[in-house]
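Participant: Note that the protein sequences, when read in sequence, are chains A, B and C. The letter at position 32 of the first sequence is residue 32 when you use the numbering used here, and the numbering goes up by one with no holes. The letter at position 333 of the second sequence is residue 333 when you use the numbering used here, and the numbering goes up by one with no holes. The letter at position 497 of the third sequence is residue 497 when you use the numbering used here, and the numbering goes up by one with no holes.
It is possible that some hints are incorrect.
[Said to hold, decoys possible] Restricting the straight-line Cα-Cα distance to at most 20 angstroms, the calculated cross-link-like pairs of lysine to any residue (SDA-like) are:
id	chain 1	residue 1	chain 2	residue 2
1	B	Lys97	C	Gly376
2	B	Lys244	B	Lys388
3	A	Lys28	C	Gly376
4	A	Lys28	C	Arg110
5	B	Lys486	B	Arg417
6	B	Lys97	C	Leu430
7	B	Lys467	B	Gly487
8	B	Lys182	B	Arg417
These are computed hints drawn from the structure, not numbers from a lab.
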Amino acid sequence: MLARIQLNDDEVSRLTGQLDAIVDNIAKVSEVATADVAATSHPIPLSNVFRPDVVGQTLTHEQVLQNAPDAADGRFRVTAILGEEQ
Amino acid sequence: MAAAKLMDFDKALELFEPVLGFEVHVELNTNTKMFSDAPNPANEAYHAAEPNTLIAPVDLGLPGALPVVNETAIRSSISLGLALGCSIASSSRFARKNYFYPDLGKNYQISQYDEPIAYEGSVEVELEDGTLITIPIERAHMEEDAGKLTHMGGSTGRIQGAEYSLVDYNRAGVPLVEIVTKVITGTEHRAPEVAKAYVQAIRDIVRGLGISEARLERGNLRCDANVSLRRRGEEKLGTRTETKNVNSMRSVERAVRYEIQRQAQILADGGSITQETRHWHEDTGTTSPGRPKSDADDYRYFPEPDLLPVEPAAELIEELRAALPEQPVARRRRLMTEWGFTDLEFQDVRNGGILDQVEATIAAGAAPAAARKWWTGEIARLANAQEKDAADLISAENVAALQKLVDAGTLTDKLARQVLEGVIAGEGTPQEVVDARGLAVVSDDGALIAAIDDAFAAQPDVLAKIKDGKVQAAGAVIGAVMKAMKGQADAARVRELILERAAQ
Amino acid sequence: MSDIIRLDAAALAAKLASREVSSVEATQAHLDRIAAVDGDVHAFLHVNEGALDAAAAIDARRAAGEELGPLAGVPLAIKDVLVTTDQPTTSGSRILEGYRSPYDATVVARSRAAGMIPLGKTNMDEFAMGSSTEHSAYGPTRNPWDLDRIPGGSGGGSAAAVAAFEAPLALGSDTGGSIRQPAHVTGTVGVKPTYGGVSRYGAIALASSLDQVGPVSRTVLDSGLLHDAIAGHDPKDSTSLTDAWPSFAEAAREGARGDVLKGLKVGVIRELPDSGFQPGVASSFRSALALMEAQGAEIVEIGAPHFEYGVAAYYLILPAEASSNLAKFDSVRFGLRVTPDGNPTVEDVMSATRDAGFGDEVKRRIILGTYALSAGYYDAYYGSAQKVRTLIQQDFANAFAEVDVIATPSAPTTAFKLGEQVDDPLQMYLNDITTIPVNLAGVPGISIPSGLADEDGLPIGIQFIAPAREDARLYKVGAALETLLVDAWGAPLLTRAPQLAGGNR
Ligand SMILES: [Mg+2]
Ligand SMILES: [Zn+2]
């Protein structure tokens, strides 16, 4: 599934019951969200916030891998991938 | 997997019209990444970095890290949009494209969705015979590249059968511009050639702008080719496939051709085309299916809350427009006239991808014909043999310097070729190679006369023949002298001296 | 109990500056207090082993005659949502157990630069999702006023640490009320700055367009001092404002002198009926307003017709952004990895890890957010919620055309009992009904103690809201009311909290 969480049956029934009630409740937003209302994605409007193209301090290789659950050959190691590259 | 049945190309074109579309990803060569101040491996200076050494917190998706947009990447993207004849959006914004994949540090890609920075343009592409075709552009949008996965165990390098994979996030966050064409019809039997020419055109444009290293073999330019077939006489477009990451010009051409033949056979056999991504295999020259479309394709795009809209000022757009270099097609027309090449000579240069080198060689002082001769001749031959780009073998300055030595009579053509090999082998400038190898023409008449006398002594009858007026007999002596000089003599001068000697 | 820990930050800072007390003494006093009471309160997830060294370093710098900032040497508790290099950071989640950040959050770096002493990391609802701190993977924090009750959330740890005198100051984060609602139920002060006023860099994101870091303290002035230290533009956060901020501590001092109430127009929202609030909360709110009115403030009724849609919009926007922000917890680069039996693919490992590593509330919101963003529902849910945001901003704009600040109760009820609402997410969500619109609009809000409820003797807070960028106004008004109330009570409210001797629950 999209959220990539493996739920067991117990969790599914517990969570979905509550989810239905929540979804019913929050669906009320569509009552006032008419076509003439603009959407707000940022509470304080700003634009053109840029950074100069100058190299800064990077993480050391040690810092990069310091929290890795598994690593080999200077890289992060994961089990086999069956899916496809995007 | 059994090889797909392919219909003969000409027969496929009788039954179907090929319809194309392209998505080309261009890696920008900015100093830093799209959203972090880590060095950009798509910049030549950082290309050779060790895995996981070009990393800022946001490139790994570390908790708490935030993206900040690279101003130069914005400028490059606008320039590219303008060069593609696009309109630049007065307001564009970033969005998150959500999907889980281990090469994606945040498990979303910051991209642009419904508000790209550039939209609606066109590109003129020139086929090998000089035919111009206009490719309509739908949009160009900014996004970030993903890291690199290496599949280990099993048949190493392939996903299938791999035991584990290793992830290097150096490439994560490299600035990309994705150029998306509209549906392209009417290319007919030239469809594969158009595909190649289009990628070439994009490469020429980004090189001209200087915004990308534009090396396909490094993935600086990556083409996804959409191909579908429309049955003759029908309006409706067919189902398309998307062949991913074809990483050379020639492969783009081959992949399109292959897909046309493969799809035609399936359709002719009464089958149907599955909408899917396909992978191009350079070794076998075939494509194989990737994953079909599924619910994983619901990318749940939403405006990136960590970034703000990009609203370039009209003055900035005009400044960048004014700084655009000459369009590649116009430039080629101009150079062809200036250099006085024939159509065929010019196509040789253009199709060899050495236009810039020839131009630079001429600028460094070589005559156009000589510059062309070097780059399409000996250098091309050596590049081919070494499986390298001609441009990587030798600089235009060294080629011009080499030609100067020839023009001055210091080198014969044959010697010059030896010097060229020395320069390519890294022995220094042409003059340094001449000095080190002692390759200059022997211009000391004394040495030549001594050698001539030796030759006459060895072949006494020859002198008599020449004195008799049988001048062609001199050839045998010239050969002997050149041999004695190890080729480092000007044969014309040797001939002159022989005749003088015989006349004494 | 040592007198040092009873000092508010400003008073402690004065003693540090005059060298009457050393930072090592102050830090040790707080570490002792933590050792004595945190077994009961459980405000801290981690106590900083380096705190005394940091304090000694400040003392040495002061001894060397160095000019130090106003809070130099003052201990600071840090919500575990903020990444720190010297201590683990978990955001209250099992999935980040033991995680070590290679960099400091900007607010942490600025606090260190200001000479504050990080005491430890405070407990919170997992990934800041909750209003009770019961959703922490490491067990709940308890309210120092009644250990059987919740300390609010998500920043229950920071509020409880300050209320229990384990720290004079704390950093919190507020997405829908996570600083102000805990302040309300613990009798402390909490400020949610204007969105962009304080850097979010290094604050583990819950909902990026709503999150804001802010101060937690026992007095309005102390919050102002901490806010001064952490505010200001950060080039690492694109949404950070470039404004030059006035001193919030100065604003609090000015407010404490009292004149600001004269002619101040205080808006009260017509659509927030008394009936939705616990009687003690409603009456405390009305008395506070009356006290202000007596000092010359004018109470004006204002309309905010779209506030009632705030909670619904919030519970679409937050899960949507959170579902994306929390996707990075996938077992590849950091955090927990759970490898199922057999021959698992990387997809299997990610799914199993996220199932084991996330608690129910986190899963619930991720699933909700994934759903709200999916192709067929975007317009009806996420898109509509963004429009509600516009409408709420308009409500605020209309209101602020008429009034200087808006006042509301900070939350509908006093602290409820642990476990009481944990299985009723909808009820839990309503705890933030008055704080949520503030985050949706990006404006600043403050909660200060207004009294104790008659029916249960538990603390109540009053919230003031100002227009965007007018945070200083909140400090003036908050400090003015605080002064009046403390005068009326004869001592700060927290002096009436139970003494936590430790071990006697
Ligand atoms: Mg694409
Ligand atoms: Zn792309």
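Participant: Now tell me if each hint is right for this structure.
Facilitator: Hint check results:
no. : hint                : in the structure
1   : B:Lys97 / C:Gly376  : holds, 16 angstroms
2   : B:Lys244 / B:Lys388 : violated, 24 angstroms
3   : A:Lys28 / C:Gly376  : holds, 17 angstroms
4   : A:Lys28 / C:Arg110  : violated, 42 angstroms
5   : B:Lys486 / B:Arg417 : holds, 15 angstroms
6   : B:Lys97 / C:Leu430  : violated, 31 angstroms
7   : B:Lys467 / B:Gly487 : violated, 26 angstroms
8   : B:Lys182 / B:Arg417 : violated, 48 angstroms
Violated hints, in rising order: 2, 4, 6, 7 and 8; the structure is consistent with all others.
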